[in-house]
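Dock chain A against the given chain C, drawing on the hints supplied.
Same order as they appear, the protein sequences are chains C and A.
In terms of our numbering, the first sequence is numbered consecutively and its last residue is 239.
In terms of our numbering, the second sequence is numbered consecutively and its last residue is 565.
Errors might be hidden in some of the hints.
Footprint (simulated), chain C over chain A, 3 or more residues, beta carbon under 8 Å [what the hints assert, rightly or not]:
| # | stretch |
| --- | --- |
| 1 | 477-488 |
| 2 | 496-503 |
| 3 | 557-564 |
Hint data in this document are derived by calculation from the structure and do not stem from the laboratory.
The beta-carbon is built from N, C-alpha and C at its ideal position, and this holds for glycine as well.
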Amino acid sequence: MNNLALKANSITKYFHDPVTMQVLKNIDVSIDKGEFVSIVGKSGCGKSTLLYVLSTMDTDYEGTLEINGITTTGKSLNDLARIRNESIGFVFQFHYLLPDFSCLKNVMIPALRLGKLSHKEIEEKAYEKLKMFGVEEQALKKAGKLSGGQQQRVAIARALVNDPAIIMGDEPTGNLDSKNTNIVFDMFRQLSKEFGQTIIAVTHDEDFAKRSDRIIEMADGEIISAKK
Amino acid sequence: MKISVNTEIALTYLTSRKKQTVVASLGVMFGISMFIFMQSLMKGTNDYFEKMSFTNTPHIKLYNENKVADNHMLRSFFKDESEKILINPKQLSKSQGLTNPFGMVDQIRRLAEVSAVTPQVTGNVIYTSGSVELPGNVAGVQIEQEDKMFDVKGNMISGNLLDLNRIHNSILIGKGIADKLSLHVGDNITVRSGSGNLLIMRIVGIFATTIKQVDETKSYANIAQVQGLLGKDRSYVTEIKVNLINYNNAPAVARQIETITGYKAEDWVKANEQLKAGFKVRAVILNSVIGVILLVAGFGIYNILNMTIYEKIKEIAILKAQGFSGGAVTSIFLQQAVYIGIMGGIVGIVFGFSLTLLVSKIYIGAGTLKYLPMSFYIPHYLQALSFGVITTIAAGYFPARKASKVDPVTIIRG
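Only chain C is shown next, with the shape it has when bound in the complex (with noise of 0.2 Å):
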């Protein structure tokens, strides 16, 4: 059986504007389901640029990307929309909550699109993964109406409630205090073992980098170490 969660070759990136730049160089990276996988580097090395090559929402890139055996390269827009619906799970810097939709409707979302459960389960679901974080007494509140760190954990719980295999995240714990980010640590840490998702964050972060299972380090748009 094939374990690899995500398998790209030979990776590389060119940014146009305002001058031709080459962002990413030759590029392989392949990881294993269930990994924990920290991405780190300075400001510019790409890495962020390569994590969204690798969530398939870049597509102006040559190489080759697979995720769970599949190749992504060269499908069309809608196909991988819904293969990010239903393997990719996303976490970002700043939470991109709805504002004008209850924390329950936008965990809700991105099952309601996928639509493979009956409305009733979906909501059930949600409000089990707002639980999870703690957060499940703002349910009913509108998102614009909760605290940073709140609005962090939604957002988390929203990229979990459709179970991805893949849980990525840009700079996930970015805009926490050291108390949530131990909470969003953990979060992560428990649903890579237990529930053998894949995560892959971009951080700045060394504490957070150092207990994920593995560091891939980045420098000029080439990677400098991969340890294990």
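Chain A in isolation, oriented as in the chain C frame:
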């Protein structure tokens, strides 16, 4: 009913920004209610004028056109190959009447389209009462048929038109004649024809149309009496009036009647060309006004959705990151436009109907036109709704497509 997640998001966006939604729907509402109001006014007015024109014009009028002498008699006399030329032809001094009128009436009555046919004798006369003389014309008619065609009864202000059949030598006169000669129902009036015949007639009714000129000259009498007054025999008929089930078919039926009878048949469209021209001009004015209103409403929606998209661009990016395809995003924003259109449309229909109803109560009081003529025509309402929805879809499509093309990476990375 299970509503899709796209619909749910679209509705939430609409309800979380109530003011903008209301303003956008108000634009559509005004467009649609104006559309309904103006269409109703125009149709009402057009119908009124058409009806008015049918109060003294039949759908088709068959008459004997004055002819200039031609060479057909010469040809039937000299049955050879030579070319016959008539030098200095003159108007034929033939009788103004139609030949075999009652036969033609029967023939015409048999046509499927025809709803009423009536022969008529028209003569120029001079009305006299005391020492006052008044020129005019008397129509010799079969009054029941005439009433069926032109609703003479509706124009009667005093007397009874059916007395025309019951009382010998009776006459119905226009209100203008009655006023000028100071006559009332029951009085006598002297009617003198161009040929010098004189008849003293009993006034059994007075009518008023909206047309002053008609009221001051026209009178109705029994066809036989007018024939006698003009010194003609019982088969003398100057014109045959024909009404149809659907007056829009008049031109075609007129051609058919011309072929059957050989006489000139004039349809109401030809007789009222200026009326039709008026309808057309009004339609152009109306449609351009409505077009502008809907265009403005459309721009309003376009603007509001564009603003929404700028405001929500991060949310659109996040939806796309979570697996919403471009089509789903288009659907979310297009649905907002459609809901604005439907809301504005429904309110617009109610408002347009109320406005039409209100205006139809405005008293005008000119002639027989008592109130503003407004029509309540259901297709107008359906048209208005579909125009409203089409406009909003067109206005919503471009912003929605723009939203679907948002690149999540550029937006999320900033």
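| query | In ascending order, which of the hints set out earlier in this document are inconsistent with the structure? | reply | 2
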